[in-house]
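Peer 1: Listed below are the residues making up each chain.
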Amino acid sequence: DQQVKQNSPSLSVQEGRISILNCDYTNSMFDYFLWYKKYPAEGPTFLISISSIKDKNEDGRFTVFLNKSAKHLSLHIVPSQPGDSAVYFCAASGGYYQKVTFGTGTKLQVIP
Amino acid sequence: EAGVAQSPRYKIIEKRQSVAFWCNPISGHATLYWYQQILGQGPKLLIQFQNNGVVDDSQLPKDRFSAERLKGVDSTLKIQPAKLEDSAVYLCASAQGEIEAFFGQGTRLTVV
Numbered sequence: 001d002q003q004v005k006q007n008s009p010s011l012s013v014q015e016g017r018i019s020i021l022n023c024d025y026t027n028s029m030f031d032y033f034l035w036y037k038k039y040p041a042e043g044p045t046f047l048i049s050i051s052s053i054k055d056k057n058e059d060g061r062f063t064v065f066l067n068k069s070a071k072h073l074s075l076h077i078v079p080s081q082p083g084d085s086a087v088y089f090c091a092a093s094g095g096y097y098q099k100v101t102f103g104t105g106t107k108l109q110v111i112p
Numbered sequence: 001e002a003g004v005a006q007s008p009r010y011k012i013i014e015k016r017q018s019v020a021f022w023c024n025p026i027s028g029h030a031t032l033y034w035y036q037q038i039l040g041q042g043p044k045l046l047i048q049f050q051n052n053g054v055v056d057d058s059q060l061p062k063d064r065f066s067a068e069r070l071k072g073v074d075s076t077l078k079i080q081p082a083k084l085e086d087s088a089v090y091l092c093a094s095a096q097g098e099i100e101a102f103f104g105q106g107t108r109l110t111v112v
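From first to last, the protein sequence lines are chains H and A.
Everything in the first sequence is counted per the working numbering, starting at 1 for the first residue and increasing by one.
Everything in the second sequence is counted per the working numbering, starting at 1 for the first residue and increasing by one.
It should be emphasised that the hints constitute simulated quantities derived from the structure, not laboratory data.
One or more of the hints may lead you astray.
Stated by the list, open to error - On the chain H side, residues computed to face chain A include the following (Cβ under 7 Å):
| no. | residue |
| --- | --- |
| 1 | ASP31 |
| 2 | TYR32 |
| 3 | PRO44 |
| 4 | LYS99 |
Cβ coordinates follow ideal geometry from the N, Cα and C atoms, glycine included.
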């Protein structure tokens, strides 16, 4: 049962344009959402998060949007840079010990 | 600040053999996680420690996997006996109260 879904395994974007990565979840108990970025042969690195009491969180070029009614969140990267090329994982947490559940990841390629 | 240290980086073993992985979290981090990441999938939580106590091991295959965190600092994850389907990257992560975790580089296990 995949509670966090990233339906696009890969995405290619031209440098300077916007990258939009999508994530859907099924568990209504999730109340905190995170995006991690992963380069090959490295562990995931935390990128940005959002609480369920908000619908938007912005950090520099990265913005996460949360639509609770649709159980959907998205990560926007503007402008995209070649160094953003990586696998991006959506993750969600909830419950007493805030167990984190990861999606399957989206591989982003930013073309110079 | 030193990051999460894991060893070894790579390990190849034959099925039915045993293997152990070691993790040294960031100093002062009370929460320690072990994740399993199979190729093409997102990280799956195996076990979560709060100091030296287990708070979630619901997805740990306890017939073959074991983990301990002595003195609430370092942790070891053991597999005995290993199966072919255990081939994966094993990620250790730590956190200090917050949900956003810092990951180590992982140990890539190949079972042949």
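Peer 1: Hints first: check each against the structure and report whether it holds.
Peer 2: How the hints compare with the structure:
1. At about 10 Å, the closest approach between the beta carbon of H:ASP31 and any beta carbon in chain A exceeds 7 Å, and the interface hint on this residue is violated.
2. Satisfaction of the interface hint for H:TYR32 is found here, the shortest Cβ-Cβ separation to chain A being roughly 6 Å, below the 7 Å cut-off.
3. Here the hint on H:PRO44 is kept, as its CB sits about 5 Å from the closest CB of chain A, short of 7 Å.
4. Residue-level restraint check for H:LYS99 holds (minimum Cβ-Cβ distance to chain A is 6 Å; threshold 7 Å).
Of the numbered hints given earlier, the model fails hint 1 alone.
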